[in-house]
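Heads up: the protein sequence lines correspond to chains D and P, in order.
The first sequence runs contiguously to residue 127 in the numbering used here.
The second sequence runs contiguously to residue 1362 in the numbering used here.
Don't read these hints as lab results, they were simulated from the structure.
Glycine is no exception: its CB is placed at the ideal position from the N, C-alpha and C atoms.
A hint or two may mislead.
To be verified - So the derived list for chain D, only partly shown, Cβ under 10 Å to chain P, looks like this:
hint	residue
1	LYS21
2	THR28
3	ARG43
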Amino acid sequence: MSLPSEDRDFEKHAKRLLDDSTDNLPAALQSRLTQARHRALEQKSKTSRWRAWLPQPVPGLALAGGLALALVFTLYSPTQSENRLDDLDLLATTDQLELYEDLEFYAWLAEEHPAESYETG
Amino acid sequence: MDEFLQTVERRAYQMARFATGNPEDALDIVQDAMMAFVKRYADKPAEERRPLFFRIVQNRIRDWHRKQNVRNRWTAWWIGSYQDDEDDSDPIARLVDPKGRSPEKELSIRDSGTALQSAIERLPLRQQQAFLLRSFEELSVAETARAMGCAEGSVKTHHSRAVRSLREKLKDHWP
């Protein structure tokens, strides 16, 4: 489904306007974005230094333990429908989609680097 | 990594601002996305970084909308119960517009750039995401599908509807 030519012209015009406004973000805002980037990169280097002191299998074992515990609770806890509704609500409004992203990340690790997964961070 | 983030941070901010209508929330979303991206995907090959990064941004935006919905529900309920005996008009109608647009501000929107931004803000979220990822960030259909977590067919549908809707809304502003 490709766009008709008048839609493509519109798209180009819109992109140009959006690029202009992006290139001309206020300096103060740009500065805060730069600070945010530096914080993200700094966090990475701190994490790497901390992990270098851990015995290598620890993160992998912790993950396996966590998953096993989650499985046990899921299968054997006496949940009632009311509680489940509460949980669903909680999940729907939870802070981040961390779990989902983590699962995707761990699945990728297992596929791509099965022997090195504990080194990545 | 620094260079990559530098190339995407401003567009990510724009996307978050369109979605939230709030510069502070948009900054929080971008910072949070950069943190998560660096933590999880720093070692990914360069060609996979953009769709992954924007996937995190879009997830954060969706999460923001979920929270807003819950907040609005509770606010509407609270206002409704508080004023039940005094006023039977729709409590939702009395909520402040989260994007802060007054009728005067709407009327003052004249130039095409501002009109475009306002029209993008008013698109349904999935159309807005598809339009910004495809037309602004210039991701491919497959990359956009990955970033949005949906099928390629859905991306095409949302994108073409977004373009049609924007053209319709902007016909009085654009040449």
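Now the hints, each set against the structure:
1. Nearest Cβ of chain P to the Cβ of LYS21 of chain D: about 6 Å, under the 10 Å cut. The hint holds.
2. Annotation: THR28 of chain D was flagged as interfacial toward chain P, and the flag holds, the nearest CB pair being 5 Å apart, inside 10 Å.
3. Taking 10 Å as the C-beta contact cut-off toward chain P, the hint placing ARG43 of chain D at the interface holds, the least distance being around 5 Å.
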